[in-house]
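Peer 1: Got chain B; can you put chain V on it based on the hints?
Respectively, the protein sequence lines represent chains B and V. If you use the numbering used here, the first sequence closes out at 321, no skipped numbers anywhere. If you use the numbering used here, the second sequence closes out at 319, no skipped numbers anywhere.
Source of the hints: derived by calculation from the structure; they are not laboratory data. All C-beta atoms in this analysis are idealised placements derived from N, C-alpha and C, irrespective of residue type, glycine included. Check before you lean on any hint, since a few could be wrong.
[Unchecked claim] Just some of the chain B residues that point at chain V, by a computed CB distance under 10 Å: (1) N100; (2) G107; (3) P145.
[Stated by the list, open to error] Under the rule of at most 27 Å between Cα atoms (straight-line distance), these lysine-lysine pairs were calculated in the BS3-like manner: (4) K75/B <-> K115/B; (5) K217/V <-> K133/B; (6) K81/V <-> K41/V; (7) K217/V <-> K60/B; (8) K60/B <-> K167/B; (9) K81/V <-> K75/B; (10) K115/B <-> K217/V; (11) K167/B <-> K217/V.
[To be verified] Pairwise CB distance ranges (calculated): (12) G269/B <-> V224/V: 45 to 51 Å; (13) T135/V <-> F8/B: 16 to 22 Å; (14) I20/V <-> R11/B: 49 to 55 Å; (15) F8/B <-> V297/V: 48 to 54 Å; (16) G131/V <-> G150/B: 32 to 38 Å; (17) G118/B <-> R7/V: 40 to 46 Å; (18) M220/V <-> G129/B: 28 to 34 Å; (19) S173/V <-> R79/B: 41 to 47 Å.
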Amino acid sequence: MTPVAPPPLLSVEHVGVEFPVRSSVVGRSSGTVRAVDDVSFTVADGETVGIVGESGCGKTTLSRCIVRLLKPQRGAITFHGRDITKLSDRALRPIRRQMQMVFQNPYASLNPHRRVGGIIAGALPKRIGSGQEADDRVAGLLEKVGLKPEMADRFPAEFSGGQRQRIGIARALAAEPKLIVLDEPVSALDVSVQAQVVNLLGELQEELGLAYVFVAHDLSVVRHVSDRIAVMYLGRFVEMAPADLLYAEPRHWYTRGLLDAVPTPTLKARRSSSRAILKGEAGTVLDAPSGCAFRNRCPGATEICTTTVPPLVEEPDGRAVACHHPLGAPGS
Amino acid sequence: MSPIVLSSSETLAADTPSPHGERHRRVALRRLLHDRVAIGSVIVFALIVIACLCAPLYAKYVAGTGPNDNHVTEVIRVGGRPTDVVSTSGIPIGPTWQSKFLLGADSNGRDVAVRLLYGGRTSLMIGFLAAAITLTFGTLTGILAGFFRGWTDTVLSRALDVIWAYPVVLLGIALGTALELGGLKLGPLVISGNSLFVPALIIGFVFIPYLARPIRTQVLLLREREFVAAARLLGKGSMSIIVSEVLPNVTSAVVVFVPLIVANAILLEAGLSYLGAGVQAPNPSWGTMIASGVALITSTPSLLFAPVIMLVATTVSMNLFGESLRNAIGTTTSMAGR
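In isolation and in its complexed conformation, chain B is listed as follows:
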């Protein structure tokens, strides 16, 4: 069905990140916890992959891994045909600029002591220097993200959260990247501002042919911008599917729970009988149950779920689900 694809821009294969757990006062590590476990996906040029999950599921760790702010212990990350998994900080420098990130907290992502123009100009390629051309570029970028060019002289403290996020986007764009990892770019913003920023990101993608990894904790945010969406639960992908399919017929119980948690505007649309409300809380990777990590909240869990971790099984229609008893399967 899908045409023979060119090599993807970004390919993440079986990536795992572990953190030491320190329990004693002495600080001796008493074990490790897998914040990200066996995650694989690809991003093509100009594509948007959404990653959705509750807080603590490893979304931010994964996104920091992709841009190599963190080094994964397992797996491989290939960007533009080059394996960047083990590259040192120095070796990464020449390719850094092609992968940018927009951060979750617009109040921590801009240096409070630098003018906005300086922040953006500092991200421009070296060849542009710092003369008139740089000023023009900064003005152009500010306009592109919906701000006024004369705002370049102000400090970050003079802007609202939404405006700051736009500045963060302008900084990412200034580096002329191929891929932008958006780590919950709108979670800290008001709902009305969220839509504006999401729309802006969509327009910029169309105009510049960027690829996005769009991380969010809310399925409704990524719905309209994502080509494919992955659902993450306690460090693992539990389902990955083209956006339309995922919303139309989720295969994983957790995805269904998330979808049903999205508020619907009309009573009619609220098919209360079929709503599956998630029980309990996500917990943390520290106290994840044996077998399927979701089993203690899953209405369809059976014996096998306690013993065996379900693998992410790809299906012919481009979907993949990690469940022993997927929804919509015969006999479930």
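Peer 2: For chain V alone, kept in the frame of chain B given last:
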């Protein structure tokens, strides 16, 4: 006496998204200009500095004697009557309130007012030099330890702990005595034992941990801020990130420390000189003058009170100004102490 008068614990602003930059600097300046205590203390301090700078002029044109000139056997006229500068029983003359021996003489028949101004030059110079040393190396080690963490942090922090482990005065006496006997020879750098650089170096050195610690803690927090990650993603190296992202964010904390460090350094200089481990006789400094004044407190209290009043006025004005500066800048970082 303990020279560390400020200090509470190692506190700091955990995560202050306060306005910064030039606009913030203007706000801070405006607040300072509306702060009477700040203005007053700056004026007092400036008067002291100017007076001390003018010491040679005063000595030459008013008192007509140098700081180390001896007048034990001389007789001057006070209110028309001839008076011994130092009486036969060894008691020096008190304040005369005239151009010669304005504040009296010491037991060697030297003009106290002249010595007070020259001593102030010494004390202030050592204070500023020491503060410069503390600021440079304290900021540097604090930033390096906090930014690179790992073994860099371990080595630097333990080195700071070694300095910190000794009481400031004790360390100052030990270093002072050792260096004054042998001088300091560090490769091409040779400082003789009676040079003013010796106490300045010692005082600057012992205060390094008190600045480096809070800076390190602040940098530890700063490096996790997302704008540092953003700079890294732009392919910037660690040094460039330190200069463009970290340093501007610690300057306000460092600035707040400046008057406090100067005040503490002057105070410690006086303490060490009093104990004989700082400025060496016959060079005047407020510390050495206090030391010699104590012996004659019953007969000529002015010998003690003159340098004490100068010392107190200087350190109090600096401390008050530091306090106002901290309020104006709005940082809560305090000097780490015990």
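Peer 1: Each hint needs a verdict: does it hold in this structure or not?
Peer 2: Verification of the hints:
Below 10 Å, beta-carbon pairs count as interface contacts, and N100/B has one with chain V at about 4 Å; its hint therefore holds. For G107/B, the shortest C-beta to C-beta distance to chain V is roughly 9 Å, which falls under 10 Å, so the interface hint holds. Against a cut-off of 10 Å between C-beta atoms, the interface hint on P145/B holds, since the closest Cβ of chain V lies about 8 Å away. A hinted pair counts as satisfied when its Cα atoms are at most 27 Å apart, and K75/B with K115/B qualifies at roughly 26 Å.
Between K217/V and K133/B the CA atoms are separated by roughly 25 Å; this keeps the pair inside 27 Å, and the hint holds. Distance hint between K81/V and K41/V is fulfilled; the C-alpha atoms sit about 11 Å from each other, no more than 27 Å. Pair hint K217/V plus K60/B holds up; C-alpha atoms about 18 Å apart against a cutoff of 27 Å. Using a Cα cut-off of 27 Å, the hinted pair K60/B and K167/B holds, with the two alpha carbons roughly 21 Å apart.
With a C-alpha separation of about 79 Å, the suggested pairing of K81/V with K75/B is violated against the 27 Å cut-off. Annotation: proposed proximity of K115/B to K217/V holds, straight-line Cα distance about 11 Å (limit 27 Å). Proposed proximity of K167/B and K217/V is supported: the alpha carbons are some 18 Å apart, at most 27 Å. Here the CB-CB span from G269/B to V224/V is close to 49 Å, well matched to the stated 45 to 51 Å.
Separated by about 21 Å at the C-beta atoms, T135/V and F8/B satisfy the suggested range of 16 to 22 Å. In this structure the hint that I20/V and R11/B lie 49 to 55 Å apart at CB holds, the actual value being about 51 Å. Look at F8/B against V297/V: about 51 Å separates their beta carbons, and that is inside 48 to 54 Å. At roughly 34 Å, the beta-carbon separation of G131/V and G150/B lies within the given 32 to 38 Å, and the hint holds.
Checking the proposed 40 to 46 Å range against G118/B and R7/V shows it is violated: the Cβ atoms sit about 30 Å from each other. Distance hint check for M220/V and G129/B: the Cβ-Cβ separation is about 30 Å, which falls inside the suggested range of 28 to 34 Å. Distance hint check for S173/V and R79/B: the Cβ-Cβ separation is about 46 Å, which falls inside the suggested range of 41 to 47 Å.
Violated hints for the displayed structure, listed by number in ascending order: 9, 17.
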